[in-house]
Structures are given as structure tokens and as C-alpha cells.
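Counting from 1, position 12 in the sequence shown corresponds to residue 12 in my numbering; the numbering is continuous, with no gaps.
Any given hint could be a false lead.
Claimed, not checked - What follows is a set of in silico ranges between Cβ atoms, one per label pair, in the way DEER data are often shown:
#1 Ser-112 - Cys-25: 29 to 37 Å
#2 Ala-15 - Leu-36: 16 to 24 Å
#3 Ser-57 - Thr-121: 18 to 26 Å
#4 Arg-24 - Lys-116: 31 to 39 Å
#5 Glu-10 - Asn-98: 41 to 49 Å
#6 Lys-116 - Leu-20: 26 to 34 Å
#7 His-105 - Ala-31: 15 to 23 Å
To be clear, the hints were calculated from the coordinates, so they are not data collected in a lab.
Beta carbons are placed, not taken as given, at the ideal position from N, Cα and C, and that holds for glycine.
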Amino acid sequence: MYTDMGSALERVQAASADSLKWLRCGLESGAYSGVLIETGGWVVAGAGVIWQEFPPSPRSLVTTRAYILNVYVAPPQRGQGLARHLMQALLAECAVRNVSLISLHASDAGKSTYEKLGFTTTNEMRLIMETL
1 MYTDMGSALE
11 RVQAASADSL
21 KWLRCGLESG
31 AYSGVLIETG
41 GWVVAGAGVI
51 WQEFPPSPRS
61 LVTTRAYILN
71 VYVAPPQRGQ
81 GLARHLMQAL
91 LAECAVRNVS
101 LISLHASDAG
111 KSTYEKLGFT
121 TTNEMRLIME
131 TL
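Could you put the whole structure together from the sequences, leaning on the hints where they help?
Here it is, written out as C-alpha cells:
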């Protein structure tokens, strides 16, 4: 997924072990959920959601928010609506959990899929600080 988006293979490999550990902890604690689509015994698409706790606000009294990430469809399966199916499954889980505020960061390729599902562009800003 990350190499398809232009990340160097060395950086992806360096992050793999830590990512796997994080995913295991998130799945065990319930802080992360994932969905996969399998064809012929192979995973061809997947997506995840981080369940984040925030204080209540005028916009939402519900304290859990969802951050969707790692939406990926293998190149041979693209254009078949699999990303939409993944998103619909995650949004259904949000509804079950009564989560009404859902965010994600869209790639250029995925933006139209998210817009068709009702996502809109926001004014979110980001700062990436140097780490030790």
C-alpha cells in the first residue's frame, strides 16, 4: 500500500514490525478495528478504523470518534467497488457504536469514493515535528 503511494521500500520495511505490534495491541484493546475482502484465499482489499476518545462538544455529545485509515485495494481489483464496500462496512460499525463524527485523509484516487459516501473537505491543519 505505502509503496503504491510513493513511499520508499526501505521506509516501509523499517516501519513494518512496529506497525504489526501496534495493530495487534489495537485489535486486542478494541482501539482499532479492521475489515478485509478476500478472493480465492488472498486478501485483496482492507481498511481500518481507530476509535478515538474526545470530550463532548456542541457538534457531537458522543465522545467516541472514528478515524478511518489504510483503505487499500490491490491494483488488479481496483474499479470493482471494493473500497466502497470496505467503507460501507466501517460506516455500519460506526452506526452500531453510535459514532457520528468520522474523519479520514483521502488520497487523490480515493477522494471521489469518500465524497459519494458523504464526506466533505474540512479545515484541518497538520504539523509534522522533528522527532529525536
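Hints, verified against the model:
1. Ser-112 - Cys-25: 29 to 37 Å: Holds, at about 33 Å.
2. Ala-15 - Leu-36: 16 to 24 Å: holds (20 Å)
3. Ser-57 - Thr-121: 18 to 26 Å: Check passed, 20 Å falls within 18 to 26 Å.
4. Arg-24 - Lys-116: 31 to 39 Å: holds (33 Å)
5. Glu-10 - Asn-98: 41 to 49 Å: For Asn-98 against Glu-10, whose Cβ atoms are near 42 Å apart, the range 41 to 49 Å holds.
6. Lys-116 - Leu-20: 26 to 34 Å: Holds, since Lys-116 and Leu-20 (Cβ atoms, about 32 Å apart) stay within the stated range.
7. His-105 - Ala-31: 15 to 23 Å: holds (18 Å)
The structure shown violates none of the earlier numbered hints.
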